[in-house]
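Chains A and B are the protein sequences, given in the same order. Under the numbering used here, the residues of the first sequence are numbered 1 to 236, in order. Under the numbering used here, the residues of the second sequence are numbered 1001 to 1358, in order.
Just so you know, the hints here were simulated from the structure itself, not pulled from any lab data. Hints are supplied without guarantee of correctness; some may be wrong.
Here are the simulated distance ranges between beta carbons [what the hints assert, rightly or not]:
id: 1; chain 1: B; residue 1: Val1231; chain 2: A; residue 2: Ser145; range: 37 to 43 Å
id: 2; chain 1: A; residue 1: Pro114; chain 2: B; residue 2: Leu1299; range: 44 to 50 Å
id: 3; chain 1: B; residue 1: Ser1253; chain 2: A; residue 2: Asp176; range: 36 to 42 Å
id: 4; chain 1: A; residue 1: Ser42; chain 2: B; residue 2: Leu1340; range: 55 to 61 Å
id: 5; chain 1: A; residue 1: Glu227; chain 2: B; residue 2: Leu1337; range: 54 to 60 Å
id: 6; chain 1: A; residue 1: Leu222; chain 2: B; residue 2: Leu1340; range: 53 to 59 Å
id: 7; chain 1: B; residue 1: Val1231; chain 2: A; residue 2: Asp81; range: 50 to 56 Å
Derived list of chain B stretches under chain A, where covered just means 3 residues or more per stretch with a C-beta under 8 Å from a C-beta of chain A [stated by the list, open to error]:
id: 8; segment: 1178-1190
id: 9; segment: 1269-1279
Pairs of lysine to aspartate or glutamate residues, derived as DMTMM-like cross-links and limited to a Cα-Cα distance of at most 25 Å, are as follows [unchecked claim]:
id: 10; chain 1: B; residue 1: Lys1133; chain 2: B; residue 2: Asp1114
id: 11; chain 1: A; residue 1: Lys78; chain 2: B; residue 2: Glu1260
id: 12; chain 1: B; residue 1: Lys1195; chain 2: B; residue 2: Asp1185
id: 13; chain 1: A; residue 1: Lys211; chain 2: A; residue 2: Asp68
id: 14; chain 1: A; residue 1: Lys78; chain 2: B; residue 2: Glu1350
id: 15; chain 1: B; residue 1: Lys1133; chain 2: B; residue 2: Asp1105
id: 16; chain 1: A; residue 1: Lys73; chain 2: B; residue 2: Asp1198
id: 17; chain 1: B; residue 1: Lys1064; chain 2: B; residue 2: Asp1098
All residues carry an ideal CB built from backbone N, CA and C; glycine is no exception.
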Amino acid sequence: MSLVEVMNVTKEYANGEETIRPLDGVSLTVEEGDFVSLMGASGSGKSTLLNLIAGIDLVTSGEIVVADTDITKLSRGKLADWRARHIGYIFQTHNLIPVLTAYENVELPLLLLPMSSAERRKRVEIAMEAVDLTSRASHYPRQMSGGQEQRVGIARAIVANPTLVVADEPTGSLDDETTEQILQLLERVNNELGMTLLMVTHDADAGLRAKRKIRLERGRLLEDGRELQTAKLRTA
Amino acid sequence: MSGTAVALLVFCFIGALQQGLLALTSDGDAGRTLIVFQENRFCPQSSRMPQDYQRTIAKMPGVKDVIPIKVFTNNCRASLDAIVFQGMPAEKLKAWRDINLQSGDLASFANQDDAALVGIDVATRRKLSVGDKFTIGDVSVVVRGVFQSATAAENNLIFTQLEFLQRARGANDVGTVTQLEVHLDDTADPDALAKQIDEEFRTGPVGTTTRTKGMFQADTLADLAELIGFVHWLGYACVGLVLSLVATTTVMSVQDRIREHAVLQTLGLRPLRVFSLVIIESLLLSTLGGIFGVVGSSLLLSSTGMSIAAEGVTIAFEPSLVLAIQGILVAIVVGLLAGLAPGWHASQTEIVPALSQA
């Protein structure tokens, strides 16, 4: 069974009197250990799909099953608990908490899980080391460069050892050199730590670094030029 | 937080004034002691009764003791710094006033004509200590003791010998007093005795009005009490002010950090915990401000010994532990209420639109 199963998902939202439908019955599967890039033009719905899979947005219709849980059936509270256990989210703009140090930002997701402080400390140290920022642990976000902030963001996303790491334009606000460092880091997260990665990007070069490249065009998903097949709903 | 502190400071000032008024009109002594005053007179300067009324009243059944008192005040109108002298025989002072000398001694007070025992609040305000000589309204005295009274309002009085005050300011008022303080035994009916006293002197040289001490003080301070009753609404206004200050600050804080809350929810924070975070923040803001205000007002009131006086009767601002607890409770409740709406808003905000906010 696939780690992620997106089945006939449609997403609509209202924009004034107009109804926008960025996703129209899309289906997608992601296997454990995959590194999938999701590309497409601005407004194509790639971030919408990522947010639906990450459980921070709600589908209009269809099902999304991640690690055997149909997240479209969960209440807001249970969905939050599920995100804490299963999702690591890397934002384009880092979104670190400004009043916390790098160490404390990375520790944040672990505070939501039942864990001893010794275990928490060990995991944060491992994550900080993985992104090569141990020496910056006591620095605040304002004292770091954009690339360093993004590395802290990646450490925060992987520290709880999530089932799926999602990244929304992780290199969107970085220069070329830093982009390369971040992409190498994401490859290591996938190859060395074995984490499944789903990355949204509009940068074709960044997208090519993934094992699977999927494009989103006019609400449809295409892989290697072919549309991905519509899946049957589990509850159908 | 500073706004909350100031509002709670005012709240406690008003509360302390109300407690002072309440203590003056309703403590145990207020109902079992009568004050005999000249009929239809209000300011102490205008009440001049024959001192020998004392002997007649002392013979009435139910009367334990009678104290002749001469009162002098430098200001009959409502004032925050009125000085009130009470002249009475030294032995009566010792017997009937529950005072504790902080410095000086009663013997030197009793042995010197122009000696004065100064209430601790007056001494603090006017920086007076034993041995100091001072003059107020042409009355010159030497401080022979500084006392603290169990009755807070008395800490704003200056006690002198009766005869000294009768002869003060070049006058010769020996034989006349401002008021007589009548202490009753446990069997006496205060109202009946008050009527009996007024009846006794109806045909005398000076008519009298006799009331319980509580009623006398309430009547004397009637205008001031009405004003204090109105100020009481100002106390509620302060609570409203704290509520709006904390609520506005919390709403602004939630608006500023809507994206931060969305990030926390993305990481897995439940909506209920976001709600709790906002409530805790609002609670801390209000409670800390409240504590600063309450502590500030208590320190200020106890260090300055503030009082307000009218027609020779003083009301002390009485800070108390109960008032402090009330103030902090008000701050806590207001903090909770002020956080409810912003907390609910923060917890129900959709994550994706909030993440894209600047």
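Hints versus structure:
A hinted range of 37 to 43 Å is violated for the C-beta pair Val1231(B) and Ser145(A), which are about 59 Å apart. Look at Pro114(A) against Leu1299(B): about 46 Å separates their beta carbons, and that is inside 44 to 50 Å. In this structure the supplied range 36 to 42 Å holds for Ser1253(B) paired with Asp176(A), their Cβ-Cβ distance being about 38 Å. Under the hint 55 to 61 Å, the C-beta atoms of Ser42(A) and Leu1340(B), about 40 Å apart, miss the expected range.
In this structure, Glu227(A) and Leu1337(B) meet the distance hint of 54 to 60 Å, their C-beta atoms being roughly 56 Å apart. For the pair Leu222(A) and Leu1340(B), the supplied restraint of 53 to 59 Å is violated, since their beta-carbon distance comes to about 49 Å. Val1231(B) and Asp81(A) have their C-beta atoms about 52 Å apart, which keeps the hinted 50 to 56 Å range intact. Given as covered by chain A, the segment 1178-1190 of chain B fails the check, having 0 residues with a CB less than 8 Å from a CB of that chain where 3 are the minimum.
Under the rule that three or more residues need a Cβ within less than 8 Å of chain A, the assignment of the segment 1269-1279 of chain B holds, with 4 such residues. Only pairs whose Cα atoms come within 25 Å are accepted, and Lys1133(B) paired with Asp1114(B) is accepted, the gap being roughly 10 Å. Restraint check: the Cα-Cα separation between Lys78(A) and Glu1260(B) comes to about 20 Å, which is no more than 25 Å; the hinted pair holds. Under the criterion of a C-alpha separation no larger than 25 Å, the hint pairing Lys1195(B) with Asp1185(B) is consistent with the structure, at around 17 Å.
For the hint pairing Lys211(A) with Asp68(A), the CA-to-CA distance comes to about 23 Å; that is within 25 Å, so the pair holds. Among the hinted pairs, Lys78(A) with Glu1350(B) is consistent with the structure: their alpha-carbon atoms are about 15 Å apart, no more than 25 Å. Straight-line distance between C-alpha atoms of Lys1133(B) and Asp1105(B) comes to about 16 Å, which keeps the hinted pair within the 25 Å bound. Between Lys73(A) and Asp1198(B), the direct Cα distance comes to roughly 87 Å. Violation of the 25 Å bound is thereby established for this hinted pair.
With a C-alpha separation of about 17 Å, the suggested pairing of Lys1064(B) with Asp1098(B) holds against the 25 Å cut-off.
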